[in-house]
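Novice: Listed below are the residues making up each chain.
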Amino acid sequence: MMNTKINTQNNSELMPVISLKGVNKWYGDFKALSNINLEIKLKEKIVICGPSGSGKSTLIRCLNRLEAHQEGTIHVSGIELHERMKDIDVVRQDIGMVFQSFNLFPHLTVLENCMSGPNWVRGIDKNEAKARAVAMLEQVKIPEQADKYPEQLSGGQQQRVAIARSLCMQPKVMLFDEPTSALDPEMVSEVLDTMIELAKSGMTMICVTHEMGFARQVADRIVFMADGEIVEESSPEEFFNNPQHERTKVFLDQILE
Amino acid sequence: MFVDTVIEDKALHKPVFLIGLSLTVLAIFFALNFTNTIFGEFLRPVIGAPTESGFFGRFAVSLVLTIIFVGNLFAISFFKLKVQVAIVWVELFLLFLAFAYSFDLKMSFIQSRIPLMISRGLFTTIYISAISILIATVIAIIGAIAKLSNNGFAYAISSFYTSLFRGLPLLLQLFLIYKGLPQLGFMVDAVPAAITALSLCYGAYMTEIFRAGIQSIPKGQWEASRALGFKFSLIMRKIILPQAIPIIVPPTGNQFIAMLKDSSLASVLGVWELMYLARTLGQRDFRHMEMLLTAAMIYWVLTIVLEIIQARIEEKYKQKS
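Going down the list, the protein sequences come from chains E and V.
So for the first sequence, the numbering used here puts the first residue at 1; every next one is plus one.
So for the second sequence, the numbering used here puts the first residue at 1001; every next one is plus one.
Treat the hints with care, since some could be wrong.
[Unchecked claim] Once the Cα atoms are required to be at most 30 Å apart in a straight line, the calculated DSS-like pairs of lysine-lysine come out as:
no. : chain 1 : residue 1 : chain 2 : residue 2
1   : V       : Lys1179   : E       : Lys126
2   : E       : Lys86     : V       : Lys1231
3   : E       : Lys148    : V       : Lys1316
4   : E       : Lys126    : V       : Lys1238
5   : V       : Lys1106   : V       : Lys1231
6   : E       : Lys86     : V       : Lys1238
7   : V       : Lys1316   : E       : Lys126
8   : E       : Lys141    : V       : Lys1238
9   : E       : Lys43     : V       : Lys1231
10  : V       : Lys1219   : E       : Lys31
11  : V       : Lys1238   : E       : Lys130
12  : V       : Lys1219   : E       : Lys148
13  : V       : Lys1316   : E       : Lys130
[Unchecked claim] Computed footprint of chain V on chain E; a stretch qualifies when at least three of its residues, placed anywhere within it, have a C-beta under 8 Å from a C-beta of chain V:
no. : stretch
14  : 105–114
15  : 117–129
[Stated by the list, open to error] Over 10 Å on every C-beta distance to chain E, these chain V residues come out as not near it, computed from the model:
no. : residue
16  : Asp1009
17  : Phe1096
18  : Ser1112
19  : Gly1270
20  : Ala1311
Please keep in mind that the hints were generated in silico from the structure rather than gathered at the bench.
C-beta: ideal position from N, C-alpha, C; glycine also.
From just these sequences and the hints, can you work out the full model?
Specialist: Put into structure tokens, the structure is as follows:
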């Protein structure tokens, strides 16, 4: 279904699905984002990395306007995000987001978590939403947990449910905000495997992560940020083998040692 | 609550504590002087006429009471927790009954008045409380959302409301509504006035409870909902309130119980509820204690019923999460 959608929109495939021009953001006096210019095309996989406090989470949260930017423009599927927009919910329905802390709804079962979006805001009837939820839970390889509550699951399982919940909305883009940072080490790989599968299926993905192995394997481009600026933007080979900037080299030395 | 896994010796089983306690209790009983009460009468074979027994009688009575009291505690300390609780409850209840019987109550008088107290008094009390609780809950939900909103008017109105109605004594609010509104041209009967005052006052307290409950839900729940494209009212109904309710239930139950008892203030407006009947029915025959104690027992039973309901609801939400 997704492929037919893309094929009928050949023109838009050439256009960036997300584009940022001259974006600035402040928290009070602190400048969190500084002159961000970035274009992401359909099916592209972008990894954003950088030291803590570099603004990478802020940047990704601006893309579905969980955070507001003050200057510059952000377009998603051709729609500009600004504070007076009327259709932010429509834009958000097309952008899945996975959080560091999972943020599953604890009072709903795994299945209900996954059905919530399609059933409540997409207007899809319960049976179809359920079928879709089951399919997505199979895709993230935990269909047997469908009737459990989130707290009965391990961290890695919860994060995979969170991914399935987002996928049930059939989004055009998936945002990952440090999806493995809150996990015990032995659970990181099951989540990364799910993300790699998703990348192979052609999903447009923007991931804030410190998992450099994942970045090397999946990313089309790596965006390196420091102090709210994009310092370097390059292919994985270029980024790991031939980093241009001093800050990038320092960061890579620290993270890869 | 966390109960430590290391068991300390029971204080009652330490001689030093036991002696200290006994001496303290003895001193208290001696100071209160029970010689001229029923306890003195019991000891008449030992101390002679209680009024003439002097220091020896006073000391003997105190000593016997101390031995009974401390011995009782010491004996109970050997039982399991649940048995201990049951024994202490029964003993305290018996003491309460003894207190009640000491007034020389006329049971036939109570029996003849109880049908009216229940059919009229209890009914009115429950009726006023139930309607007030419903209205207060609605006010609290609206007030809490208004207080958390970005709308200046909504915030101003709800914060003014909670400040005013938490700031005035309920009795004063009752009079302001009952006596004030008619002067503005709105005639209010006593019962609607009581319901209005109770709803507004408890709505103000419950607004704060609901606000705190809603605020205690982690921000991540809002963000995940927003990221899925949910609108505010949907997030409130389906995500936030279902999680906030288990947090809100215990303090709200306390408010319900408090309101049930504060409905007795309606008696000053002449509403024929429990308290009013308790004060008036016994007046002509100078049988005040009969009616007051009857009303006390009815209120007590009512609040116990509410406590049980509250515990049930808490249990239900505990199982679900």
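Novice: All hints are to be evaluated individually against the structure, with a verdict given for each.
Specialist: Hints, one by one, checked against the model:
Among the hinted pairs, Lys1179 (chain V) with Lys126 (chain E) is inconsistent with the structure: their alpha-carbon atoms are about 55 Å apart, more than 30 Å. Of the supplied pair hints, the one linking Lys86 (chain E) and Lys1231 (chain V) holds, its CA atoms being roughly 12 Å apart against a limit of 30 Å. At most 30 Å may separate the alpha-carbon atoms for a hinted pair to count; Lys148 (chain E) and Lys1316 (chain V) meet this at roughly 17 Å. A threshold of 30 Å between alpha carbons decides the hint, and for Lys126 (chain E) with Lys1238 (chain V) the separation of about 16 Å falls inside it, so the pair holds.
Of the pairs offered as hints, the one joining Lys1106 (chain V) and Lys1231 (chain V) is violated, with about 65 Å between alpha carbons and a cut-off of 30 Å exceeded. Note on Lys86 (chain E) and Lys1238 (chain V): the hinted pairing holds, with a Cα-Cα distance of about 22 Å set against a maximum of 30 Å. Between Lys1316 (chain V) and Lys126 (chain E) the alpha-carbon distance is near 26 Å, which keeps this suggested pair within the 30 Å criterion. As the CA atoms of Lys141 (chain E) and Lys1238 (chain V) are separated by approximately 27 Å, the hinted pair is consistent with the 30 Å bound.
About 28 Å separates the Cα atoms of Lys43 (chain E) and Lys1231 (chain V), which keeps this hinted pair within 30 Å; it holds. A distance of roughly 23 Å separates the Cα atoms of Lys1219 (chain V) and Lys31 (chain E); the hinted pair therefore holds under the 30 Å criterion. Between the alpha carbons of Lys1238 (chain V) and Lys130 (chain E) the distance comes to roughly 18 Å, so the proposed pair stays at or under 30 Å and holds. Straight-line distance between C-alpha atoms of Lys1219 (chain V) and Lys148 (chain E) comes to about 23 Å, which keeps the hinted pair within the 30 Å bound.
Straight-line distance between C-alpha atoms of Lys1316 (chain V) and Lys130 (chain E) comes to about 26 Å, which keeps the hinted pair within the 30 Å bound. Closer than 8 Å: that is the beta-carbon criterion, and the stretch 105–114 of chain E has 3 residues meeting it against chain V, so the requirement of 3 holds. Counting residues of the stretch 117–129 of chain E whose beta carbon lies closer than 8 Å to any beta carbon of chain V gives 3, which meets the minimum of three for the stated coverage. Residue placement check: Asp1009 (chain V) keeps its beta carbon more than 10 Å from all beta carbons of chain E (closest about 39 Å).
Chain E leaves Phe1096 (chain V) outside its interface by the beta-carbon criterion, the shortest separation being 42 Å against a cut-off of 10 Å. For Ser1112 (chain V), the condition that its CB be more than 10 Å from all CB atoms of chain E holds, with the nearest at approximately 53 Å. Annotated as non-interface, Gly1270 (chain V) keeps its C-beta farther than 10 Å from every C-beta of chain E; the closest such distance is 47 Å. With a least CB separation of 20 Å from chain E, Ala1311 (chain V) remains clear of the 10 Å interface cut-off, as annotated.
Taken one by one, the earlier hints fail for this structure at numbers 1 and 5, listed in ascending order.
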